[in-house]
Each structure stands twice: as structure tokens, then as C-alpha cells.
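All chains should be built: construct the whole structure from the sequences, respecting the hints.
2 protein chains.
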Amino acid sequence: MSAPPYVLNFGAGPAKIPSSVLERAQSEMLNFDNSGMSVMELSHRSKTFGKILNGTKDKLKTLMDIPDNYEILFMQGGATTQFAAVFYNLVAAKQAKDGNHDEIFVDYLVSGAWSNKAAQEAERLAKNERSKITVNKVTDSKQQFGRYGNVAPADTWRFSDPAKTAYVYYCDNETVHGVEFQQVPQVDPRVPLVADVSSNFLSRPLDVRKYGVIYGGAQKNLGPAGVSIVIIRKDLLADLDVGPVRPLMLDFKTMADNESMYNTPPTFAIYMVGLVLDWLVEQGGLAQIEQRNIAKAKKLYDAIDNSPLYNCPVDPSCRSRMNVVFRLTSEALETKFLAGVSELNMVQLKGHRSVGGIRASIYNSMPEQDVDRLIAYMESFEQAHTEAAE
Amino acid sequence: MSAPPYVLNFGAGPAKIPSSVLERAQSEMLNFDNSGMSVMELSHRSKTFGKILNGTKDKLKTLMDIPDNYEILFMQGGATTQFAAVFYNLVAAKQAKDGNHDEIFVDYLVSGAWSNKAAQEAERLAKNERSKITVNKVTDSKQQFGRYGNVAPADTWRFSDPAKTAYVYYCDNETVHGVEFQQVPQVDPRVPLVADVSSNFLSRPLDVRKYGVIYGGAQKNLGPAGVSIVIIRKDLLADLDVGPVRPLMLDFKTMADNESMYNTPPTFAIYMVGLVLDWLVEQGGLAQIEQRNIAKAKKLYDAIDNSPLYNCPVDPSCRSRMNVVFRLTSEALETKFLAGVSELNMVQLKGHRSVGGIRASIYNSMPEQDVDRLIAYMESFEQAHTEAAE
Chain A
1 MSAPPYVLNF
11 GAGPAKIPSS
21 VLERAQSEML
31 NFDNSGMSVM
41 ELSHRSKTFG
51 KILNGTKDKL
61 KTLMDIPDNY
71 EILFMQGGAT
81 TQFAAVFYNL
91 VAAKQAKDGN
101 HDEIFVDYLV
111 SGAWSNKAAQ
121 EAERLAKNER
131 SKITVNKVTD
141 SKQQFGRYGN
151 VAPADTWRFS
161 DPAKTAYVYY
171 CDNETVHGVE
181 FQQVPQVDPR
191 VPLVADVSSN
201 FLSRPLDVRK
211 YGVIYGGAQK
221 NLGPAGVSIV
231 IIRKDLLADL
241 DVGPVRPLML
251 DFKTMADNES
261 MYNTPPTFAI
271 YMVGLVLDWL
281 VEQGGLAQIE
291 QRNIAKAKKL
301 YDAIDNSPLY
311 NCPVDPSCRS
321 RMNVVFRLTS
331 EALETKFLAG
341 VSELNMVQLK
351 GHRSVGGIRA
361 SIYNSMPEQD
371 VDRLIAYMES
381 FEQAHTEAAE
Chain B
1 MSAPPYVLNF
11 GAGPAKIPSS
21 VLERAQSEML
31 NFDNSGMSVM
41 ELSHRSKTFG
51 KILNGTKDKL
61 KTLMDIPDNY
71 EILFMQGGAT
81 TQFAAVFYNL
91 VAAKQAKDGN
101 HDEIFVDYLV
111 SGAWSNKAAQ
121 EAERLAKNER
131 SKITVNKVTD
141 SKQQFGRYGN
151 VAPADTWRFS
161 DPAKTAYVYY
171 CDNETVHGVE
181 FQQVPQVDPR
191 VPLVADVSSN
201 FLSRPLDVRK
211 YGVIYGGAQK
221 NLGPAGVSIV
231 IIRKDLLADL
241 DVGPVRPLML
251 DFKTMADNES
261 MYNTPPTFAI
271 YMVGLVLDWL
281 VEQGGLAQIE
291 QRNIAKAKKL
301 YDAIDNSPLY
311 NCPVDPSCRS
321 RMNVVFRLTS
331 EALETKFLAG
341 VSELNMVQLK
351 GHRSVGGIRA
361 SIYNSMPEQD
371 VDRLIAYMES
381 FEQAHTEAAE
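Residue numbers (the UniProt record's numbering), protein chains in the order written: chain A, 1 to 390; chain B, 1 to 390.
Take the hints with a grain of salt, since some may be wrong.
Said to hold, decoys possible - Listed next, the in silico DSSO-like pairs over lysine-lysine satisfying Cα-Cα at most 27 Å (straight line):
1) A:Lys-117 to A:Lys-164
2) A:Lys-127 to B:Lys-127
3) B:Lys-132 to A:Lys-132
4) A:Lys-47 to B:Lys-336
5) A:Lys-164 to A:Lys-97
These are calculated hints, taken from the structure and not from any lab test.
Take a look at the structure:
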């Protein structure tokens with residue numbers, strides 16, 4: 001067999017995984033830690049897997065500086081499952097704390113496709129509740145700007161009455177629209193803040209203490225698809241029989257009480273996350289990774305901004321370091337641009353099907369030289385196509 | 001490093017995976033199909049992953065002879081998630097078909113821990129519905145026999161009015177209690193039959209046409225933990241806005257309409273299932289596998305029945321071919337028995353923590369010679385301990 005091509009994987013997720021991580025998984029595939037078994041064959045109740053699970057939690061705790069009053073849960077079903085779980089469990093936590101209000105509010109900052117979907121799921125589920133639960137869009141970029149790509153200033157946000165609000169929800173990085181919050185949204189200290197960090201998880205330090213819940217799927221920065229990590233402040237764990245009736249597997253307290261093993265967890269995916277966390281430590285931790293991510297993103301946005309051919313539809317105040325979206329001056333040129341990348345072994349540069357254009361996802365695992373090669377291609381493409389136009 | 005020990009893995013799940021499957025996954029770990037990428041790095045929307053997903057479906061369809069009027073779904077969250085999904089979706093299907101009855105019944109055959117948990121989840125969720133939904137235990141082994149380990153004759157089962165019944169549910173193989181149905185339960189043809197086959201999936205041929213829904217987690221006979229397979233008759237797919245309000249990710253029709261990719265599916269786990277299906281084909285398919293499973297189970301039950309030291313608490317009419325549970329004459333001897341197995345590299349022989357005793361799970365992947373070695377140990381243990389007692 002010929003040597004495999006070196007692929008520059010700009011996929012939005014599942015995404016590139018560091019080669020050293022894959023190599024380690026490969027070498028241990030049939031014999032983990034001299035057990036004679038694959039990680040996939042280990043009982044989730046075995047001591048060997050217990051070490052993997054707890055080790056992964058401990059590494060995450062250290063890397064993110066997660067305080068002791070938070071639980072780390074491993075769940076399944078991706079962010080869309082969490083849309084429902086967050087609604088159910090945090091409304092339950094509010095009701096457990098206060099009893100029934102006449103009306104409870106759940107507040108959403110809508111800055112792109114994913115936070116919008118989360119708000120829609122809450123609206124759908126809220127209709128079924130006996131208590132009145134109102135989904136309030138604190139801000140809605142599409143309504144305010146006609147499209148996603150900007151976030152209105154915080155002083156225009158309309159929060160609900162904090163005494164009656166179960167949570168404020170936002171998506172820290174919108175994978176489809178390339179919009180990332182550069183500060184933690186400021187909310188009333190009585191109200192738990194919930195962040196979907198699926199696509200910028202561990203790409204920068206995060207002050208966990210400011211959050212009630214932080215969650216994300218693994219398949220962008222943390223490993224393979226099939227496991228979600230939920231970090232939740234312990235006082236928000238409500239009993240299953242309080243609040244909205246919810247499937248057992250979506251109940252945070254059941255997960256916490258059973259150390260994420262109420263039933264069989266996705267053992268191999270958790271192991272892979274552990275290996276990625278080891279790699280992150282080797283890279284120098286989150287502060288180091290953040291510096292690299294800043295450098296990679298700056299280069300790419302500069303290349304876009306300094307060209308007449310490319311333009312970024314996202315306001316500079318909220319451009320994602322992870323998902324860099326841009327357009328060319330015509331769709332015909334975009335098609336041509338994308339046709340040219342495949343022979344360079346650059347993959348997954350096409351924008352999300354709902355928005356078109358180009359999207360380069362440059363997660364933690366993406367080396368700076370791959371970004372450089374993309375920029376070199378952009379420059380040569382520009383040269384060829386602006387000369388041709390002259 | 002020394003050569004790894006050969007381990008005899010009697011785990012109930014996650015369980016042994018055929019070595020050739022693990023070797024193939026290992027060889028392709030960094031470079032699947034000369035893509036230069038790991039399966040874990042492939043976009044779920046890529047053609048390469050599309051081939052894996054559709055190939056896995058096709059193989060399953062052929063192996064199980066699944067008719068065209070069934071959908072195959074890949075979901076997450078294990079059987080416990082399906083407890084809720086089955087309730088939500090099949091009540092919805094009944095309501096979509098008939099409108100609202102005064103009362104709808106959901107019927108459960110309770111033959112062990114798992115079917116009991118499924119019935120409990122339905123009871124909990126039913127309370128939240130505006131329509132009256134009654135969970136009826138058609139039979140309940142614990143109530144009838146004082147403990148699990150038998151199934152009452154079919155002529156004693158008390159079904160609800162078929163015209164008002166959304167489904168009849170049973171667990172085809174009870175992993176904890178070692179109870180397996182040897183025939184398909186006969187139900188009124190108007191009522192969809194639902195089977196949890198998590199622990200005997202693909203261990204024998206199954207007449208799919210007799211079922212409304214067949215589902216199972218992969219981590220026993222099909223690969224790693226983290227993916228569940230749901231086979232559902234298409235006329236049972238109800239619209240999301242009909243019936244019980246349910247999380248989007250638990251909606252069968254949403255999964256079907258999006259080819260199991262409403263969001264990112266557990267791509268690597270699906271790939272592994274595909275490899276296990278290839279292996280099953282190499283073994284000669286389900287009829288062949290069934291013969292081997294019959295032979296392995298018979299040997300082991302014979303060794304138990306022919307000994308004064310061992311006894312099987314499960315009635316011969318419903319003994320599982322997959323999970324062979326047995327007791328010794330005292331708990332002290334059981335402890336001694338389990339202490340002796342580890343030096344022989346036999347693992348996971350301890351019975352489920354809720355029942356104690358010994359459990360040997362002998363899934364498809366377990367070679368007959370491993371069963372032989374277990375029996376040899378049982379015989380030598382018996383010899384040592386009956387001589388000692390004389």
C-alpha cells in the first residue's frame with residue numbers, strides 16, 4: 001500500500017485528532033495497560049475502566065480548574081440532547097429551590113443556529129409543562145441584524161426578572177455561523193448561566209465559577225463523537241421527582257449519583273477524551289493552547305480582511321477562533337475555490353449547507369502550518385482570479 | 001514489554017470483541033480506506049462515512065432479513081434511553097392512528113430486572129400525560145414465582161384490550177437474571193410487539209416481521225458501548241407534534257427522516273458495528289452462530305446440572321444462551337470459586353451485584369474452547385471441594 005496522503009482536515013466536527021493520540025490508541029487497541037483486552041472490552045464496572053473514567057475527570061478538573069462544588073458528567077446524544085436536559089433539569093432546580101412560581105422564565109441569548117435550536121427545543125418542551133414557563137430571547141441576532149454574524153451590545157439585552165429565571169443560556173461558539181463570545185455574558189448572580197461550548201471546549205481558559213452548567217460534545221476539540229461532557233454546579237442537581245417529568249437518562253442527578261454509569265457509558269469515547277486531555281497537558285495547557293489559537297485565527301482573518309476577493313460576514317467583535325467563515329465575491333468563485341482544495345488534500349472547507357461559502361475549522365489539533373498552507377492557497381487563488389479579472 | 005495474557009472475558013457487556021475485528025480497527029486507525037484519516041476524524045456528512053453508515057445498515061438488513069418496510073436507526077444512550085423512547089413514540093403512533101382513546105394501555109411482560117425497569121420508566125412517564133395511559137404488567141415473574149428465573153405459561157398472561165393497546169413490550173434476554181424467551185411471545189396482530197434484544201442481538205435468527213420495534217445496545221454482541229440499534233416498522237413513525245411531548249433526540253421519526261444524522265452520530269461505534277457484522281458473515285451468518293451458541297450453552301448448563309456443587313436458578317424452559325447464571329452451595333464457596341478464576345485469566349465471572357452468584361456471559365464472540373476451560377475449572381474446583389467435604 002502506498003503511504004497515506006497528509007490530509008489537512010478543516011472539518012467542523014468530527015474533526016482532526018492529534019496523531020500522537022491516535023497512535024497511542026492504536027498501540028493499545030488490543031491490549032490496554034497489559035490487561036490483554038481492548039478498552040472496548042473492559043467492563044464499565046471494572047477497576048481498570050474506573051481508573052480511565054476517574055483519571056479523565058481528574059485531568060479535566062485540573063486543566064479547567066473546576067472547583068469541588070461541580071460535578072463532571074459523561075453523557076450521550078450530543079448538544080441536541082442537552083437542549084432538552086438543560087431545560088428539564090434547571091427548571092426542576094428552580095422549582096426545587098423556590099416551589100412553584102406563577103411563571104418561570106428561561107432566558108436565551110440567540111447568536112446563531114445552535115442557540116436558536118436550543119431555544120426552539122425549550123419552547124416546544126415548555127408547552128407541555130403544567131406551570132407556565134416562558135422562553136425569553138434576551139437578544140436575537142437574526143432579528144436585530146437581519147442575519148447571524150453579530151451580537152448586539154450587552155446593554156440592549158432584555159433579561160427576565162432574575163427572581164423568576166431558571167437560567168440564562170447561550171452558545172459560547174456558534175459552529176455554523178462562526179460567532180464566538182469574547183467575554184462571559186454578565187448575568188444576575190442569582191441566575192445560573194448555561195454555556196454550550198461544544199465547539200470551543202478547552203480552546204481557552206474559562207472561569208468555571210461563573211457558570212451553572214457548561215457542556216459540550218467531544219467531537220470537535222476533545223475526541224470522537226459519542227460523548228458529551230457536562231459540568232454542573234452541585235446545588236443545581238434536582239431530584240428526579242421534582243419539576244418537569246424527564247427521561248431517566250436525561251436526569252443530571254441520576255447521572256451524578258451514579259458517576260455517569262447509571263447504565264453503560266460510551267467507554268471507548270471517554271478513554272479517547274482522556275488521551276486528548278493528556279495531549280493538551282503536553283501542549284502546555286489552556287493558556288498555551290489559547291495563544292496558538294489566537295495566532296492561527298489572526299493570520300487567517302488577516303488574510304481574509306486584506307484581500308479584495310474574500311470577506312468575512314462576522315463582525316470583528318465576535319469572530320470565532322475555531323470556525324472561520326468567509327465568502328468570495330461570487331458563488332461561482334466559491335465553487336472554483338473549493339474545487340481547487342481537494343487536490344491539495346485539504347478537506348471539509350465547504351460552509352455549512354444552511355449558509356454556504358467557506359468554513360475553515362481550526363481547532364486545537366490543527367497545526368499552524370496547515371493554516372499557513374490554506375492561506376498560501378488563498379493567496380495563489382486570489383492572484384489567479386484577480387489577474388484574470390483585470 | 002511481555003506478551004499480553006490471553007484473557008477469557010466472560011463480561012456481560014461491554015464484552016469480548018473478536019480479535020480479528022480489533023486487529024482490523026487497529027490497522028485502519030490512522031488511515032481508513034486510504035483517506036489519510038481515522039474513522040473518528042471523518043465528517044459524518046462525508047461520502048466516506050456515508051458508505052460506512054449505509055454499508056452497516058445494508059449488512060444488518062441482509063443478516064437479519066429486515067424487510068423494506070422497516071427503518072434501521074442508530075441512536076445513543078443505551079437501552080434505558082429506549083425505555084423512554086419506546087413509550088413516547090409508540091403511544092404517539094397509537095394516538096396518530098386512532099386519535100385519543102379514553103384510555104390507552106401499554107403492556108409489559110416482566111421477566112427480569114430490565115423489563116421491570118422498562119415498565120417502571122413507562123409508569124413514571126405515563127403520569128405526566130394528559131391522556132390516561134395505563135401500564136399493565138401482562139405477567140410478572142417476581143410476583144408469580146417470588147423471584148426472577150421463570151416465565152409463567154402464555155395462557156396465564158393478561159393482555160389489555162388489543163384495540164386500546166399501544167404496544168406489548170418484553171426483554172428477549174434478561175442479562176442480569178439469565179432468562180431468555182425461546183419463542184416469540186404471541187400477541188394480537190393489531191398490537192406492535194417491542195423487544196429489547198440488547199444481550200442476545202444477532203445470536204440467533206429472528207423473524208423481524210413479527211415485531212413493531214426491535215432494539216438493542218451494541219456493547220454485548222455487536223461492538224463497543226455507545227450506540228444502540230433500533231429497527232422499527234415504518235407505519236409506527238409518528239410525527240413529532242403528535243402524542244407525548246418528547247425530546248427531539250428521542251423521536252424515532254426525526255431520526256428516520258435524518259438517516260440517524262439529525263446531529264452527529266457516534267461514528268466510530270457505528271464503524272465498529274459494521275466490522276462485527278462482517279465477522280458474523282464470515283462465521284456463516286445467524287443460523288451458524290445459533291448452532292454454536294446452542295452448543296456452548298448446552299455444555300455449560302450440563303456441567304452445572306450434573307454437579308452437586310453448582311445449581312442454576314433459572315427454569316430450563318427459559319435459560320439464556322448468552323448469560324449463564326449459577327450458584328454454588330454456599331456464598332463462601334462462591335467467593336473461593338471467584339478467587340480462583342483470576343489466576344487463570346478468566347474475568348468478569350461475578351454475578352450482577354443485585355443477585356450475586358456467578359454469571360458467565362458467552363456471547364457470539366466467545367470461542368467454545370474458552371467455555372471448555374471454564375468447565376474444566378468448574379470440574380477441578382468441584383473435585384477439590386467435594387473431596388474436602390467428605
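Review point. Hint by hint, which ones does this structure get wrong, listed from lowest number up?
Key: Going through the list in order, the structure violates no hint and respects every one.
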